[in-house]
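Chains E and A, in that order, are what the protein sequence lines are. Using this note's numbering, you'd call the opening residue of the first sequence number 1 and step up by one each time. Using this note's numbering, you'd call the opening residue of the second sequence number 1 and step up by one each time.
Read the hints as simulated data drawn from the structure, not as lab findings. Just so you know, not all the hints are guaranteed correct.
Which copy? The list can't say, so a pair holds if one copy fits it or any two copies do.
Stated by the list, open to error - Cut-off 20 Å, straight-line C-alpha distance, at most; resulting in silico cross-link-like pairs (SDA-like, lysine to any residue):
no.: 1; residue 1: 50; residue 2: 407
no.: 2; residue 1: 290; residue 2: 30
no.: 3; residue 1: 190; residue 2: 63
no.: 4; residue 1: 290; residue 2: 374
no.: 5; residue 1: 202; residue 2: 146
no.: 6; residue 1: 165; residue 2: 143
no.: 7; residue 1: 50; residue 2: 400
no.: 8; residue 1: 202; residue 2: 106
no.: 9; residue 1: 385; residue 2: 251
no.: 10; residue 1: 385; residue 2: 248
no.: 11; residue 1: 180; residue 2: 34
Only a predicted model underlies this, so the values are computations on that prediction, with no experimental measurement involved.
Number of protein chains: 2
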Amino acid sequence: MTKTRQIKLGAFLMTDGHHIAGWRHPRAPANANVRVDHFLRLARLAEAAKLDAIFLSDSLGVRDTNLESVHRTSRNVGFEPLTLLSALSVVTHNIGLIGTASTSFNEPFHIARKFASLDLLSGGRAGWNLVTSSGEEEARNFNLDRHIPHADRYDRAREFLDVVKGLWNTWEDDAFIRDKVSGTFFDPEKLHVLNHRGRHFKVKGPLNVARSPQGHPVVVQAGASEDGRDLAGASAEAIFCAHRTLNEARAFYADIKTRAANAGRNPDHVKIMPGVSPVIGRTEAEAREKFEELQSLIHPAVGLQLLSTVMGVGDLSGYDIDGPLPDLPETNGPKSRQQLVLDAARRDKLTIRQLYLSIAGARGHWQVVGTAEQIADALEERFVKEGADGFNIMAPHLPGGLEDFIEGVVPILRKRGLFRTEYAGTTLRENLGLPFPEHHATHRQAEAAE
Amino acid sequence: MTKTRQIKLGAFLMTDGHHIAGWRHPRAPANANVRVDHFLRLARLAEAAKLDAIFLSDSLGVRDTNLESVHRTSRNVGFEPLTLLSALSVVTHNIGLIGTASTSFNEPFHIARKFASLDLLSGGRAGWNLVTSSGEEEARNFNLDRHIPHADRYDRAREFLDVVKGLWNTWEDDAFIRDKVSGTFFDPEKLHVLNHRGRHFKVKGPLNVARSPQGHPVVVQAGASEDGRDLAGASAEAIFCAHRTLNEARAFYADIKTRAANAGRNPDHVKIMPGVSPVIGRTEAEAREKFEELQSLIHPAVGLQLLSTVMGVGDLSGYDIDGPLPDLPETNGPKSRQQLVLDAARRDKLTIRQLYLSIAGARGHWQVVGTAEQIADALEERFVKEGADGFNIMAPHLPGGLEDFIEGVVPILRKRGLFRTEYAGTTLRENLGLPFPEHHATHRQAEAAE
Ligand SMILES: Cc1cc2nc3c(=O)[nH]c(=O)nc-3n(C[C@H](O)[C@H](O)[C@H](O)COP(=O)(O)O)c2cc1C
Ligand SMILES: Cc1cc2nc3c(=O)[nH]c(=O)nc-3n(C[C@H](O)[C@H](O)[C@H](O)COP(=O)(O)O)c2cc1C
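Only chain E is shown next, with the shape it has when bound in the complex (with noise of 0.2 Å):
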């Protein structure tokens, strides 16, 4: 029997809705961001139709700071992604969670514990987006007064990401005997220490936490500018960005796994998943209205400030929001989306409102409005026409939007085979159809006995 390719499905969930003015949406509950009953709703609902996963960004404080906008936005103030998740853990039984965790702000010992703490509350389920934060206001609250430049902290990421996985690797899978007769509770062979000591880090371990069920925290990856690429390339087993047409889309994942490939990896074993934000009605027509009503609810101070933070630029509140962007000056912010945002502005000769409104729905990411149908055929092509390994769903406005979704395009999907009817195992990493990370000692052992 030979197993067809399916879409991977995870869902984005930023709190109330990934609209920026989602949580004034009349199925939005505007109190979404210190609910933990509504992430409850929400990873019930996936996990229920068997979505891969659930996923969290994260932000290192409010990057807004301008009042005039901040004040008419939910999502600066929320629950904090590894917190959060881990109360998550307990009521599900299947469903991903994936965190995202900055590595410019965080430190290695803490993040490999954390997240493999949560695998072992999961049962194997954690999933670690590795970012290195775009915003100087985060900055400001680790001792900084600006971020830290984007190679150094794409140097930082990468001996980061080494210490993770070297912690991770602290116990082999069957380190721990519990023999309480003879009084041993671990085979002392079977602890690596890992004594790391590089350019930004000097770490000691060995990390105190076992190894779970998948071995170890699924590595997720996000950032497409070259330093993000390379990273990804070597690392990453799945990668989640944005790609607004299917170009775009098919350029990226061919260069993602021919950097797979080059770094002697199974290109199938990254996993390419772009945001997408659909808006879905019973007809196109009434998709088109539904999108408009929330288009009409972003106040033009808060369209404003999207647009700087998505292209990491100042204040554009001095120009004409009937004219064009100005020329701007090249930032230290996040490059990849900064240059998607421009190219579109430039293409289409759109105005700076015309910009806010073209990028507020889907913050930069793919935005869908038509039927269940449309929507699942719009899906498959990028998925056929490798643009895509699968997508992480934008809904609109939460819990809403993702039920539309959940019920609309899901059976379609579905019906054609494209998407799982049970769960393939209890882990991230058999649902994402990734290797199980064999400990490197057991894998010297195996290639020894051969």
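Mind docking chain A with the ligands on chain E? Use the hints.
Chain A with the ligands in isolation, oriented as in the chain E frame:
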């Protein structure tokens, strides 16, 4: 109706038990350190008995580098406290969730954020036990070759706590308006940016988590040196401490309450909760037998190493195990505990073996062995004579030892009117009898209105 003073009770959950050989006890599961269901059962047990809190200690690494001993104990590897408490937060309803985190190897923004998130997840039941870490091995996981000197780490701790509290005061309790119609999510006047610039930290803020039903997490502290007591008197709302004799306990109690009063605080708003490890039998003889059974499970290599760790000194294996403790040089370790053990060794003329056996069960804490009635008497005496406001119960093995305490001792305390029959409320503050921390801005408004 006068409100009588009642005993506060925490369940100190050292995975499979507080006794160093607890994991070898027939009633303890040997794999407790990877089983969340073990902790779930413990949390539910403690909550059913209406205990105030569960309490998790912490260690940022494997402290014991002596392979000979470390592979014979279970306590070096387990869940990370914040992730574990978050998991427990959604399957419990009233019990407090106190976790330990070090100010020496963390950043205040992360600690403020994660505990605030736990506080919201649990509906106002989080507590942060502030420690400065004792182990050299922990420093080596965080880019250092040696631990930060004692005075410096307390200097850092004081500033760290200021920053954390500052961040917890980012949002006034009623800052979030969430008015969908006007599109106003919060009142900008009720957001307070911190802008902290101190000797150790530059943290701008604001925090990206809202306040919880108990305002902010309860601040607990452990560390009984002069610097530790100063910090506790000035700021802690509960103290975890170790005293073996009534006199020691009373002296510490009086000292802390005086320091609190001198700092302008109500001494009743700092709850002193030493550890106590009970071994309970139907008769005193049976209790002694149970205790000896546990003691007999301690391997000498483990006993020696435990002594080294508790005292913060190097390898003791060169000395005659049945001879006296040699004179030891002063160290950078945990001063107060070291002194307690040294005093005991000299007072009772103990050999090294006798000394490690004497601390093995309770690890420097108060060991009580007897019938439920005898133990209730002992606790009552220490409580009434102002040696404690409550106790952290360190069951020698878990869950069995906690079950014994809850079935045997709790009903007696309850019958004597010394322990609650119902929770006072749903927050940890309400149950501990601690005041709601008014937000400074709200506070000023109230004063102005008078
Ligand atoms: C699709 C995508 C998602 C991202 N999500 C996050 C996030 O949740 N939190 C964060 O701090 N940074 C996030 N980043 C930002 C990057 O970590 C940061 O901008 C960094 O510079 C890497 O991006 P680059 O390689 O495109 O420059 C994301 C970047 C991309 C492309
Ligand atoms: C009762 C008690 C409990 C402690 N628990 C912890 C702990 O769980 N984790 C930790 O890193 N340090 C813990 N410490 C150690 C202190 O943080 C550390 O030794 C520091 O030096 C403060 O103690 P001192 O004031 O007695 O010197 C504890 C100390 C005491 C007295």
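- prompt: Between residue 165 and residue 143, at a C-alpha cutoff of 20 Å, which is it: within one copy, between copies, both, or neither?
  reply: So residue 165 and residue 143 pass the 20 Å test across copies only (17 Å; inside, 27 Å).
- prompt: How would you classify residue 385 and residue 251 at a CA-CA limit of 20 Å: within, between, both, or neither?
  reply: within (11 Å within a copy, 76 Å between copies)
- prompt: Between copies, within a copy, both or neither: which fits residue 290 and residue 374 at Cα up to 20 Å?
  reply: within (15 Å within a copy, 71 Å between copies)
field: Homo-oligomer pair classification [residue 63, residue 190; C-alpha up to 20 Å]
entry: between (44 Å within a copy, 18 Å between copies)
query: With identical chains treated as interchangeable, where does the CA-CA distance between residue 50 and residue 400 reach 20 Å or less: within a copy, between copies, both, or neither?
result: Within one copy, since 18 Å is at most 20 Å while 38 Å is not.
query: When no copy is specified for residue 385 and residue 248, does a C-alpha distance of 20 Å or less occur within a copy, between copies, both, or neither?
result: Within one copy only: 12 Å inside, 75 Å across.
query: Should residue 202 paired with residue 146 be assigned to within, between, both, or neither, using CA atoms and 20 Å as the limit?
result: between (24 Å within a copy, 12 Å between copies)
query: How would you classify residue 202 and residue 106 at a CA-CA limit of 20 Å: within, between, both, or neither?
result: both (14 Å within a copy, 15 Å between copies)
- prompt: Which holds for residue 290 with residue 30 at a C-alpha limit of 20 Å: within a copy, between copies, both or neither?
  reply: This pair counts as within: shortest intra-copy Cα distance 19 Å, inter-copy 56 Å.
- prompt: Are the CA atoms of residue 50 and residue 407 at most 20 Å apart within a copy, between copies, both, or neither?
  reply: Classified as within; 12 Å inside a copy, 43 Å across copies.
field: residue 180 and residue 34: within-copy, between-copy, both or neither at 20 Å Cα
entry: between (45 Å within a copy, 16 Å between copies)
Every hint, counting from the list given before, is met by this structure.
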